[in-house]
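A.B. asks: Given next are the chains, with one letter for each unit.
Number of protein chains: 2
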Amino acid sequence: MEIPQIADVEDAARRIKPFVHRTPVLTCSAIDAMVGCKVFFKAENFQKAGAFKARGAHNAVMALTDQQARRGVATHSSGNHAAALALAARNRGVEAHIVMPSNSPKVKQAAVRGYGARITFCEPTLEAREHTLEKVVRDTGCVVVHPYDDPMVIAGQATAALELIEQVGALDMLMAPVGGGGLMSGTAIAAGILSPSIQLIGAEPKGADDAFQSLTQGTLVPSVNPKTMADGLLTSLSPRTFSILLQHEVKIVTVGEKSIHMALKTTLERMKIVVEPSAAVPLAALLESDFGQAGSRLGVILSGGNLDLKSANF
Amino acid sequence: MEIPQIADVEDAARRIKPFVHRTPVLTCSAIDAMVGCKVFFKAENFQKAGAFKARGAHNAVMALTDQQARRGVATHSSGNHAAALALAARNRGVEAHIVMPSNSPKVKQAAVRGYGARITFCEPTLEAREHTLEKVVRDTGCVVVHPYDDPMVIAGQATAALELIEQVGALDMLMAPVGGGGLMSGTAIAAGILSPSIQLIGAEPKGADDAFQSLTQGTLVPSVNPKTMADGLLTSLSPRTFSILLQHEVKIVTVGEKSIHMALKTTLERMKIVVEPSAAVPLAALLESDFGQAGSRLGVILSGGNLDLKSANF
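Protein chains in written order, with my numbering: chain A, 1 to 314; chain B, 1 to 314.
In isolation and in its complexed conformation, chain A is listed as follows:
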């Protein structure tokens, strides 16, 4: 099982630099006052295609040999990885095949199509998604880029934390949301080297708490029927991401739906930026409980900004 190292993260940073934004770091005095700490938000909601996923997708696609790339790339996803992979493929000048469930939001279909990818629709079950992806791969010979269980993808996601620490210096604590664990794994790899005494916190919805269960029980426990408004965090850890979180002693905190909604509202109203529910999960944890010592320096990766305004129900 290949685990990316800090050198892979530095390679990723160089590789993706022409294609992704060096996103700004935002602060908010109102939120600092609520939390009692200085919070530095890495604004991946401003990233290309609206989420940190552009980092991992570009690293994976740009690292392919020309021979591999010519075959095109594929994934199944109804979310941010689909759009990110479509964009990365366009930037490489190769085809992207995205398997999407037939009930995926029209706006996400449009985003993927807007980047020039080919969409293959399937029934909205994991089985149908995997089966359809296998068929696409058989038919086209393209390379599958997994949304998180891929060392190149993890190394790409790690560049967000790398940049954040370059931008603001050492941090006492660093938080990211946890779904499949790609972002948190990359964050742990980058921050663990750059800032060894840093405390690493993964924030997870109570309704999809497989990382919490897995790290508490010391064995991989996938989510069964996860349910949360943080639709980017429904996926479960893979053996690879589980092992990285374990090795880096990442602590998982879980939060309820009301807290996530409140944190989402707080971000929009106080910071005047749009984030998606998944991105609000770390702030939800910060607002719920006493974190760190007063005055400590906390980093938060705001994972993405693809909010469905209608369904947010403000």
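It should be emphasised that the hints constitute simulated quantities derived from the structure, not laboratory data.
No experiment lies behind these values; they were computed from the predicted model shown.
Accuracy of the hints is not assured; some may be wrong.
As the list makes no split between identical chains, a pair holds if one copy fits it or if it spans any two.
Straight-line alpha carbon distances no greater than 30 Å define the calculated BS3-like cross-link-like pairs of lysine-lysine that follow [unchecked claim]:
#1 K106 x K38
#2 K106 x K258
#3 K310 x K206
#4 K108 x K38
#5 K227 x K265
#6 K108 x K258
#7 K251 x K310
#8 K251 x K38
#9 K310 x K265
#10 K108 x K206
#11 K310 x K258
#12 K17 x K135
#13 K38 x K135
#14 K265 x K108
#15 K227 x K106
#16 K258 x K38
#17 K17 x K38
#18 K108 x K227
#19 K106 x K265
#20 K135 x K108
With the hints as your guide, set chain B onto chain A.
C.D. replies: Quick look at chain B alone, frame taken from chain A:
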């Protein structure tokens, strides 16, 4: 009738610097593609108290003599000027008295109270507001700071355009929303000097088009029963702001409510930032019609970010 000059704007910039943000300039490739020009957005939605109004209020309050300031300051407003004046007074260490209509949103009352101002409620009519303000002034001897018909306030608002041109260089066109005309007047004074060939455009809702009527007819025509979702633009020009817009040959464009709503949604979805309806009015005009030559450089002042998410009805 005192009209601020560019030296007053430069004084204002120095005076307010410790108290307001030098807000960032944002760009969005998706919007550039829609408009066919390069658009530079001055993000006053990130300003202190959530709007450019912090600039004018701080300039007016910080320019008072100690003797004047000790008497406190007052205004009537249910909107951004109320919060801005309350904050400026707190920063000066003096009292602010805000006359607010009894039906003003609880969240705006809370913002004003949060900055430590005293609220006096009145009936929701202009007559009651003015009458109540007169009474507050009689009782306390405080200094009234008008939301726009004040040379110090106009000079303060002008610093947004001053900064924008410092940040991005010369522009072909500069747009701001027009309500009472304080922001547009300041913008015209600053930009007209720094970038003499610049085209100045004020954007106004069709439902509150007094500036369009006034500049077309060459005489001040106040709005009667204005109605628009851009609640910051309901006020009418004063003789002072009318005369400044006339002198600087500001062109007024008007837009309908559907366009404003669409521009608001575009800003949230594409730029991932929260703006209020008034701030979306210039973009509404840009999206509606062909502006400027392809590839020209347009500045837009995003006036504020105090959006009521519930009533935006996405």
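A.B. asks: Each hint: holds or not?
C.D. replies: Structure-based check of all given hints:
no., hint, verdict
1, K106 x K38, "between (39 Å within a copy, 29 Å between copies)"
2, K106 x K258, "both (27 Å within a copy, 22 Å between copies)"
3, K310 x K206, "both (23 Å within a copy, 26 Å between copies)"
4, K108 x K38, "between (35 Å within a copy, 26 Å between copies)"
5, K227 x K265, "both (20 Å within a copy, 28 Å between copies)"
6, K108 x K258, "both (25 Å within a copy, 23 Å between copies)"
7, K251 x K310, "neither (33 Å within a copy, 35 Å between copies)"
8, K251 x K38, "within (20 Å within a copy, 45 Å between copies)"
9, K310 x K265, "both (14 Å within a copy, 11 Å between copies)"
10, K108 x K206, "within (26 Å within a copy, 33 Å between copies)"
11, K310 x K258, "both (17 Å within a copy, 17 Å between copies)"
12, K17 x K135, "neither (33 Å within a copy, 62 Å between copies)"
13, K38 x K135, "neither (50 Å within a copy, 43 Å between copies)"
14, K265 x K108, "both (22 Å within a copy, 16 Å between copies)"
15, K227 x K106, "within (21 Å within a copy, 33 Å between copies)"
16, K258 x K38, "within (24 Å within a copy, 40 Å between copies)"
17, K17 x K38, "both (28 Å within a copy, 22 Å between copies)"
18, K108 x K227, "within (20 Å within a copy, 35 Å between copies)"
19, K106 x K265, "both (24 Å within a copy, 16 Å between copies)"
20, K135 x K108, "within (22 Å within a copy, 56 Å between copies)"
Violated hints for the displayed structure, listed by number in ascending order: 7, 12 and 13.
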